[in-house]
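There are 6 protein chains.
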Amino acid sequence: MPEPRFDVTALGEMLLRFSVPSGKRLETATNLDVCPAGAEVNVLTLLARLERRTCWMGALPDNPLGKLAVSALRLAGADTSGVIWNAGGRMGTYYVEFGEPPRGIQVTYDRAHWCAAQLHVDEIDWDSLLGTRLLHLTGITPALFPSCREIIIEAVRRAAERGVRVSFDINYRRKLWSETEARETLSPLIQGVELLFCNQTDARRVFNCTGTMQEIAQGMLERSQARNIIVTFAEQGAMLWNGKELRHEPARPTGIIASLTVWAQATRWRPA
Amino acid sequence: MPEPRFDVTALGEMLLRFSVPSGKRLETATNLDVCPAGAEVNVLTLLARLERRTCWMGALPDNPLGKLAVSALRLAGADTSGVIWNAGGRMGTYYVEFGEPPRGIQVTYDRAHWCAAQLHVDEIDWDSLLGTRLLHLTGITPALFPSCREIIIEAVRRAAERGVRVSFDINYRRKLWSETEARETLSPLIQGVELLFCNQTDARRVFNCTGTMQEIAQGMLERSQARNIIVTFAEQGAMLWNGKELRHEPARPTGIIASLTVWAQATRWRPA
Amino acid sequence: MPEPRFDVTALGEMLLRFSVPSGKRLETATNLDVCPAGAEVNVLTLLARLERRTCWMGALPDNPLGKLAVSALRLAGADTSGVIWNAGGRMGTYYVEFGEPPRGIQVTYDRAHWCAAQLHVDEIDWDSLLGTRLLHLTGITPALFPSCREIIIEAVRRAAERGVRVSFDINYRRKLWSETEARETLSPLIQGVELLFCNQTDARRVFNCTGTMQEIAQGMLERSQARNIIVTFAEQGAMLWNGKELRHEPARPTGIIASLTVWAQATRWRPA
Amino acid sequence: MPEPRFDVTALGEMLLRFSVPSGKRLETATNLDVCPAGAEVNVLTLLARLERRTCWMGALPDNPLGKLAVSALRLAGADTSGVIWNAGGRMGTYYVEFGEPPRGIQVTYDRAHWCAAQLHVDEIDWDSLLGTRLLHLTGITPALFPSCREIIIEAVRRAAERGVRVSFDINYRRKLWSETEARETLSPLIQGVELLFCNQTDARRVFNCTGTMQEIAQGMLERSQARNIIVTFAEQGAMLWNGKELRHEPARPTGIIASLTVWAQATRWRPA
Amino acid sequence: MPEPRFDVTALGEMLLRFSVPSGKRLETATNLDVCPAGAEVNVLTLLARLERRTCWMGALPDNPLGKLAVSALRLAGADTSGVIWNAGGRMGTYYVEFGEPPRGIQVTYDRAHWCAAQLHVDEIDWDSLLGTRLLHLTGITPALFPSCREIIIEAVRRAAERGVRVSFDINYRRKLWSETEARETLSPLIQGVELLFCNQTDARRVFNCTGTMQEIAQGMLERSQARNIIVTFAEQGAMLWNGKELRHEPARPTGIIASLTVWAQATRWRPA
Amino acid sequence: MPEPRFDVTALGEMLLRFSVPSGKRLETATNLDVCPAGAEVNVLTLLARLERRTCWMGALPDNPLGKLAVSALRLAGADTSGVIWNAGGRMGTYYVEFGEPPRGIQVTYDRAHWCAAQLHVDEIDWDSLLGTRLLHLTGITPALFPSCREIIIEAVRRAAERGVRVSFDINYRRKLWSETEARETLSPLIQGVELLFCNQTDARRVFNCTGTMQEIAQGMLERSQARNIIVTFAEQGAMLWNGKELRHEPARPTGIIASLTVWAQATRWRPA
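Protein sequences appear in the order of chains C, X, L, D, Y and E.
The working numbering applies: residue 1 is where the first sequence begins, and numbers increase by one.
The working numbering applies: residue 1001 is where the second sequence begins, and numbers increase by one.
The working numbering applies: residue 2001 is where the third sequence begins, and numbers increase by one.
The working numbering applies: residue 3001 is where the fourth sequence begins, and numbers increase by one.
The working numbering applies: residue 4001 is where the fifth sequence begins, and numbers increase by one.
The working numbering applies: residue 5001 is where the sixth sequence begins, and numbers increase by one.
Keep in mind that the hints are not guaranteed to be accurate.
Per label pair, the in silico range of CB-to-CB distance [stated by the list, open to error]:
hint	chain 1	residue 1	chain 2	residue 2	range
1	Y	Phe4098	L	Glu2150	22 to 30 Å
2	Y	Asn4042	E	Ile5153	47 to 55 Å
3	C	Ala160	X	Gly1023	48 to 56 Å
4	C	Leu176	L	Arg2025	46 to 54 Å
Derived, one-sided and incomplete: chain E residues facing chain Y with beta-carbon distance under 10 Å [what the hints assert, rightly or not]:
hint	residue
5	Thr5028
6	Ala5029
7	Thr5030
8	Pro5064
9	Lys5067
10	Glu5097
11	Gly5104
12	Ile5105
13	Gln5106
14	Thr5108
15	Ala5112
16	Arg5133
17	Met5213
18	Glu5215
In short, the hints are calculated from the structure, not lab data.
Since this is a predicted model, take the numbers as computed values, not measurements.
Just so it is clear, CB atoms sit at the ideal spot from N, CA and C, and this is done for glycine as well.
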């Protein structure tokens, strides 16, 4: 079998984030910072900066806003040949105002008519998608639209068929679906994946895993039969568990970066 | 009859314009200028700066983007008590990249699910709307959505009933409707209005008025029975014609401001 | 009696604050941020954002700097019809450099020939000023100039005559007058007001109120016969005392905003 | 006689210019550019960049705004040891809004209580002032305040006494004084100066010099007995006339810089 | 023969351009814009935006400045796998101040110890370089350093051997070498290339081609035996001549973009 | 003996520091802040702001980058007549990216061909250099290049000869030389200086001084026979020791400024 073209390929969605300069209010703003965003994209661009060969696949509108989203991938060095250009749909956007206490952060979503909803399973170039050492998916995509769910189910099925390893980040979003619907949808998708990422809260609320850190990781292992479980415990760091070996990675002062650090280790650590 | 609360009230729509700083490309932008926009709003805010009492009525989403739109009115001193807050709709937006030759200006509209489409005729507070010396309307609003058209028809009918003078700016938009549809819709609306604004191109293309400047103005007068016709002729200036008196206002170096200058004169000149 | 036009009207003064971008020095600045400021204006603009109907009355120079001051009121949605335009006076200004420790904040005032000094009692439109549910005044205004003091005295007298409730914020400024002069001037002005705001330090130093929090509030109540006393105790929060009911509002992490929060509650709580 | 410490020393006044970023309005500005300005300072800083040894003498308030003014001199390399620090006075300021046509430039002066008015003739360190090859003065200073006029008269008298050459730029300002007052004040001051600068309009309006370019220069020569006359004729360039030699310097595309260019030549050209 | 991986690959050099914001002076700058630059890079990034598959090969220092240069290629979508990372050399830089008339543009080069000088012929991955439909070279590279010249000579030799078409832009730089040295070095390199770009001035001064536009193109054809000659004539546009067919492309208002437009056509036009 | 022209003169080197705006990465920067830097310059400019008469002597390239370096001195009011303009050398530069944790600060030096290396001992104007109350030197300069070391040795020798007091800041830089080489070079230079500055770490690692704060200061005194020793102990403050009198200056919250504060005291405190 030839060496796959990419180390990590992700299938997911992108939005544009408009944010008000710190200390200003959105309701009187005169200029906004703009930045492409998305759970899978964040992972890919950081891995690309660590010199992994990465590729993003998903739908974007065929207009300058879609190209702006692509620019973020390009700048990081991620491959963009898998973008599926959509003729009529909208770019999903959201607006952020970073509050100073006692005012909190304020987020206004604007996802109506998002082109992500219009992507269909037969638009995916499966050969391209699966030409990778690892396929990365998240629990956000199947929560967005029925067509997205269908695509993720098919992606997992085909990856298994071809022997492509899958990485799955649960990433449960309360605003998008219920815990029950998430558990029923995600459970079959995560069976036997190479890497399963989950934070402590989602493990408890979606998969009813409780107890010590190791018990939670073991609970996720039993429910998924995944080869490697990575559970993040906020400021207590991240834990890797594969049924035999238990590794703990302490959280860095910037907790947000912790799981990515674990990730980089996990992909560096090649399974036998 | 008591003195009306406002000099000029307009009923129309607002969008947010996002523009790339001059010389930059939208597809690689990192920040955008944002500015509320709309044909009626431009007129009202300039009149407010000239110390006219003005009021805007229209639908805006009840979120920070809607409040951002309102800020532009407030800053100019226009009244915003007529805003109809919409719970679920989107703020209409568009993106502008100012090209340097040979590249032209590039505009990307994002008007899907615009809350303007959701405004219904029975949401209008007619007493508020008509408490004005002059009601200003444009040909853009009836072109947007059927519900908008219905509102404008009702506004014209009620203004006539109450004896409130109407100002109407044809402002034909080719991308929104055909010339035939525009003519058939607008003709009944402009009958007997106090002020009718039209540019030379729209007079020819929508109303088949050709000939000299005076012949065009006379053609518009015959088709509308308006009390005063103001036709703008780009760099040749603007002409006011009321069947008896003919006045010509030369264009200023900045042609865009010309019609507003004429407007200020026209409202200063009180009909007997 | 008809419903008054405004919820809160304030009579006071505005300045323009020029501040150096953080980390820069004023003596080598190349650009400055500019922002209208004033004790009464801060209260009014925040209340306007909370959708109270507010109005500001005071003198401003009839030039672009005066209009710049007015813009801040407009943007917040406060009414500006009570501005008294002054033909020859200056806009008061001050310059701020935010120091990084060990360097402290540095303020340079430039209030010579301020138009506030030129406002006379017979320029006030009393009907306008008193068409409000609550008249808000501060102890800064009578400290500025004799003419200002005369205006505040007359405002308090007329409000009592018409039954308009008064809110008074002691706001003692050491650089403007002595404690003795402040006490002698302010004591008659605060008799029987609806709301009396005072911080712990001013209560002690101007009115000799000491002891526990409740004792200080009681001391202010005895000296003023105000209906409601609000004393702020920095990080210990604010206390409301009306002789019967005692309420304590803890300070938020940003203490500066605490008294405004109390205020919003106090005006929400309608006296019988 | 020892070599003087400076090539050119000027005695005059400085203001701070606050300007709105191009395309913005002062009445809604949120930040302003700030730049020290003054007729004499402009000459000195440009000469300093051309590596002449220059020194400025005048009054500035002893606060950060005065130091900001001094920074402009320092940055250009001009000497600032002649600054007379004033304890109580104001920094003169003015506000500029650069209009786009049809709106013109708008200037708002704020010179009340300017410390320039408080400088007295006995505060001048005459030895310092006259330790120069050339003393540069303008017609603005004597027009400002009586005390300024007295200082300029004394400076001219002492320069003559010591044999220090004087350069004088008429620079008539209509807003400050009448043509008659200017002529009567300036005529004795310019007698026999080394360099006399004047533009065509001031030559005509203040000194009644008309005719061809050479006739105007000759008229100024007769009225002043100056060693060298430099008259600027806007886009027709500048003319140097000393009674024998006539030199013409064409205007550069940027007319504003023309007279400074001539100046640099004139000071390079050493009188016998 | 398999389809080559790229449409256009270029071998050349990059610098970082630091420029002062317009209207400011470098000698008092507080911030600078930074932008990667290079004759070959400009061509590649524009072609990449036109969706050609492009690749750049050259040496860059293995530090953040080298990565900054690479970012410009990535952002445009050009391939960067051919970058040869240099451990010890410097990034070449230059500083630009855009003058306002009468001051001209001012460029300060800082190319000492440039890593471009350290690249040797045996560091080139020839298989990668030649996996392209068209190899683009310029006359700047052989002018820089002897090692660069050797690389270009070898590249042309190997391209001919493999049948890879070559595009060559004369781009004579007077500051780098003499006309004689340029002619003697470049003449053998351009023999039989697919596309030869040259401007009128270089054709005359380096290759002694004079006369009408067609005569100049014919002169270049005779001297190079190139398949296609493109000569640019500034505001008179560009001419394509292949010995049989003569095509003229008028200059666009922005002359700088003209040759790139021609280029896009030339590569669209596939030789038989 | 006449009063020297300056209070403090320093002989040293300057670089330009380019820094990425906080939160951005150098590898994707589009603009950079630029600021002249250098150990001696930092001391001089701060002393100049405290109204000491200061002068800097050193080599700078005779181009706009050298003039940019000089601007920082001028703006602070330091004298720049001692700059030795170098015709061919480079301006030393370095690039800084301020990291957010867990990413640290990243510095990229670009000092190849620095003009500092080309300065020779016979280019120094010794009369100018020594016309000062105090000559300030640091241990960085002799570490840079052999020619620099030779200059510092000569400066110390001549200062002793003329009776000019010397201030010496050890400022050991590990990247430039070994501890042994530093000790052997610096020991003769610091014998009998007026002021010797050293931090605790350098005292230990270069001069093997350990123990209590006072023991370390005493160790430095014994090794240098300096009149006054100032040792800085990071957050524990600075200590002045002259063999008789011991003074301790606590560290301010901003430790970096501590030694400068001590310095200002030390120079205010005149030795008998």
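Going through the hints against the structure:
1. Distance hint for Y/Phe4098 and L/Glu2150: a CB-CB separation of about 59 Å, inconsistent with the stated range 22 to 30 Å.
2. A hinted range of 47 to 55 Å holds for the C-beta pair Y/Asn4042 and E/Ile5153, which are about 51 Å apart.
3. Judged by the Cβ atoms, the range 48 to 56 Å given for C/Ala160 and X/Gly1023 holds: they are separated by roughly 50 Å.
4. Between C/Leu176 and L/Arg2025 the beta carbons are some 50 Å apart, a value that agrees with the proposed interval 46 to 54 Å.
5. Given hint, E/Thr5028 at the interface with chain Y, holds; its Cβ is 5 Å from that chain's nearest Cβ, closer than 10 Å.
6. A distance limit of 10 Å between C-beta atoms decides the matter here; for E/Ala5029 the minimum to chain Y is near 6 Å, and the interface restraint holds.
7. For E/Thr5030, the interface hint holds, since its Cβ comes within 10 Å of a Cβ in chain Y; the closest pair sits about 6 Å apart.
8. A cut of 10 Å between beta carbons decides the hint on E/Pro5064: the least distance to chain Y is about 4 Å, and the hint holds.
9. The interface hint given for E/Lys5067 is met, as the beta carbon of that residue sits about 4 Å from the closest beta carbon of chain Y, less than 10 Å.
10. Here the hint on E/Glu5097 is kept, as its CB sits about 7 Å from the closest CB of chain Y, short of 10 Å.
11. Hint on E/Gly5104 is violated. Least Cβ distance to chain Y is approximately 13 Å, over the 10 Å limit.
12. Checking E/Ile5105 against chain Y: minimum C-beta separation of about 12 Å lies over 10 Å; hint violated.
13. For E/Gln5106, the suggested interface contact is upheld, since its CB lies about 7 Å from the closest CB of chain Y, less than 10 Å.
14. Interface hint status for E/Thr5108: upheld, as the beta-carbon distance to the closest one in chain Y is roughly 5 Å, under 10 Å.
15. Hint status for E/Ala5112 relative to chain Y: holds, with the closest Cβ pair at about 4 Å, below 10 Å.
16. This hint is violated: E/Arg5133 has a C-beta 30 Å from the nearest C-beta of chain Y, more than the 10 Å allowed.
17. This hint is violated: E/Met5213 has a C-beta 40 Å from the nearest C-beta of chain Y, more than the 10 Å allowed.
18. A hinted interface residue such as E/Glu5215 counts as satisfied when its beta carbon comes closer than 10 Å to some beta carbon of chain Y; here the least separation is about 43 Å, so the hint is violated.
In summary, the structure is inconsistent with hints 1, 11, 12, 16, 17, 18 from the numbered list given earlier, while agreeing with the others.
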